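Could you slot chain B onto chain A? The hints should help.
Which chain is which? The protein sequence lines are A and B, in order.
So for the first sequence, my numbering puts the first residue at 1; every next one is plus one.
So for the second sequence, my numbering puts the first residue at 85; every next one is plus one.
Treat the hints with caution; some may be incorrect.
Said to hold, decoys possible - Covered stretches of chain A (in silico footprint by chain B; criterion: 3 or more residues with CB under 8 Å from a CB of chain B, positions within the stretch not fixed):
1) 4 to 17
2) 31 to 41
What the hints assert, rightly or not - No farther apart than 30 Å at their CA atoms in a straight line, the calculated lysine-lysine pairs in the DSS-like style are these:
3) B/K142 - A/K13
4) A/K22 - B/K173
5) B/K174 - A/K47
6) B/K205 - A/K47
7) B/K203 - A/K47
8) A/K22 - B/K203
9) B/K205 - A/K49
10) B/K173 - A/K13
Keep in mind the hints are simulated off the structure, nothing from the lab.
Please read all numbers here as calculations on a predicted model, not as lab measurements.
Backbone N, C-alpha and C fix where the C-beta goes; we use that ideal spot for every residue, glycine too.
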Amino acid sequence: MRPAMQFVDTASKFQSSVSVSKDDTNVDGKSIMQMSMLAATCGTRLKVKAEGADAAEAIEALRELVEVRKFGEPTPEEKSRQAN
Amino acid sequence: MEIKKGVAVSPGISIGKCLVIDAEDYRIPRRLIDPSQRMTETQRVRNVFKDAIDELTKLQAEQEEIEGQKMKDIFAVHLSYLRDRTLRKKITDMVTAESVTAEFAVSSTLRDIAAHFAKVKDAYISERAADIYDIEHRLLRNLVGGKRQDIAALKEEAIVVARELSPTQTASFNKEYIKGIATGAGGRTSHTAIVARSLGIPAVVALEDITESVNAGDTVIIDGNRGIVIVNPDDSTIQQYLEYAVEYTELEHRLDTIREKPAETRDGVRVTLFGNIEFPDEAQGVLQRGGEGIGLYRTEFLYLNRDTEPTEQEHYEAYSKTVAVFKSKPVVLRTVDLGADKYTQSRRYAREPNPFLGLRSIRYCLQNLTMFKTQLHAIMRASVLGDLRIMFPLITNLQELMQAKMVLGDVMEDLDDEGLPYNRKIKVGIMIETPAAALTASMLAKDADFFSIGTNDLTQYTLAVDRGNELVSTLYSSVDPAVIRLIRTVIQDAHKGRVEVSICGEMASEPESVMLLLGLGIRKLSMAAPMIPEIKQIIRSVTVEECNKVARKVLGMNSERQISSFLRDAARKILPEAF
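Just chain A, with the same shape it has in the complex (with noise of 0.2 Å):
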């Protein structure tokens, strides 16, 4: 749930509208709800799309969000190794 909400709080700094898709779901980025019942587990392929007059600034925060700080959180592999 933390991920999805840095996730939406993220994307509602932007103008831009944040689409989220996986598979054939596609979802309001800026909802918690619809963001949420992706459930999309660690490992998940997400595609991220913005539309709008700032989406390169927002895909690029998400990006920065999702790829370089991981949430914040270490990964299931981080944490087993660290668990050893």
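Using the frame of chain A, we list chain B on its own:
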């Protein structure tokens, strides 16, 4: 048309439009609204989201920085859901498209989401369903809470249908507008029943799933005599009930004509009939029905329909108003009986695992001396205005009685210091409502001026049955052989110890129990005012000789079922209209 059978707890007939109160912790049924109400209903949805956001923002700010971090995170998740416009829109769209209540739209939308989460294989996500239920609960609590306040402010006639009503809700009922009550839970001695009887509002309880069978605005007939509720009756049924209502009013008038006559048996034995009240403004009603005083003045209500605890002056005003109505006639005031199902402002949320066996009643008072002394001070100040008497509830041993009397002694000293007048010889009695008190009545008699048997609690504690739990409420009976034996013991010990003994529980107002009680030696009964004429009519139709015979027979019977059917038959012969 749907006919529902429940338990009749307050007599009378009423026909009217209903108002439904759903319970937030019970399944919300799909309830339709009139299409013209859709705007109002969607506004309720928007308001409740706003209220919930405000509430959570406050809660979040109150959490301690470090330990509270986890809670803060949870609240943050809830807040982001509440702020999600698409969620709100989904709910308001449902209200508009399907014409359903805000309660139903909120509940079903969120439950769908929760169910969706619960299905996900990932444990982290599936456990989030709990968050969604939590949000649902918060929204419903606000929606239902708002509805309850609406009832207090009701300005048109309505029949209230609810799963269950709390003492706080019923305390705010206005009998001018509330014409009938129907609840799913409850029993003869449940709180709703007591309040409905004292206000003279027809009521039927234990109707199980009644809230699922009605929608707001449906026409409902409440038959508080036979324990029947009819939802959306057809024209001929309504006609039939209108006629029946007239007949019933005639019977009531007939009973009114005996108001001036004494409650005396055919062989000349005088019985005293008192009224039970909760509010000072009911006192007049007791006099009108022929009551000769107040046998049980329940004072908890000063605490229930308000946000702050009453001041000494407020206690005093309520008591003096009541005493003024009765002048020199006795008014037995029971000191606060809080705890269990009734809470004070400060303690409303301190739940106990087993409240009926917990800190309630006199125990609560003896641990909260400031509050107790405030009440006693007001009672003693009012004691000079008439024949006011004090009764301590839920005594279980002599020590408690001595302690309570000691506190009263302290209060008298305070009054002496303040130079205020009071009745030094005020009568102090106790309720006998625990098996412990009943079995030690001979010891308690030495230090009490009178006994009043509270048959409701005495039955519940003797038979170990929760009177409000419909799963076991059929086991609850004040004519169970065990209860009758305890009552007999108390009466005998009271007579030996030369203390007055009366009955103030519901049993005193049950027509079928009157002969038994007289036969056991009771000469004083206290009951809800509307029941006084009927009970008097029975007393005036019997002889003590007959009653003694009934009591002897009952004491020889070994099953509750046998006793209750025997008593019903005996009473039916005397006053057939009442059954």
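Hint check results:
Residue count for the region 4 to 17 of chain A with a Cβ under 8 Å from a Cβ of chain B: 3. That meets the three needed, and the coverage hint holds. Three residues within the 8 Å Cβ limit are the bar, and the region 31 to 41 of chain A against chain B gives 8, so the coverage statement holds. For the hint pairing B/K142 with A/K13, the CA-to-CA distance comes to about 24 Å; that is within 30 Å, so the pair holds. With a CA separation close to 23 Å, the supplied pair A/K22 and B/K173 stays within the 30 Å bound.
Between B/K174 and A/K47 the CA atoms are separated by roughly 24 Å; this keeps the pair inside 30 Å, and the hint holds. Distance hint between B/K205 and A/K47 is fulfilled; the C-alpha atoms sit about 22 Å from each other, no more than 30 Å. Using a Cα cut-off of 30 Å, the hinted pair B/K203 and A/K47 holds, with the two alpha carbons roughly 23 Å apart. Of the pairs offered as hints, the one joining A/K22 and B/K203 holds, with about 17 Å between alpha carbons and a cut-off of 30 Å not exceeded.
Using a Cα cut-off of 30 Å, the hinted pair B/K205 and A/K49 holds, with the two alpha carbons roughly 27 Å apart. Between B/K173 and A/K13, the direct Cα distance comes to roughly 21 Å. Compliance with the 30 Å bound is thereby established for this hinted pair.
Consistency note: the structure conflicts with none of the earlier hints.
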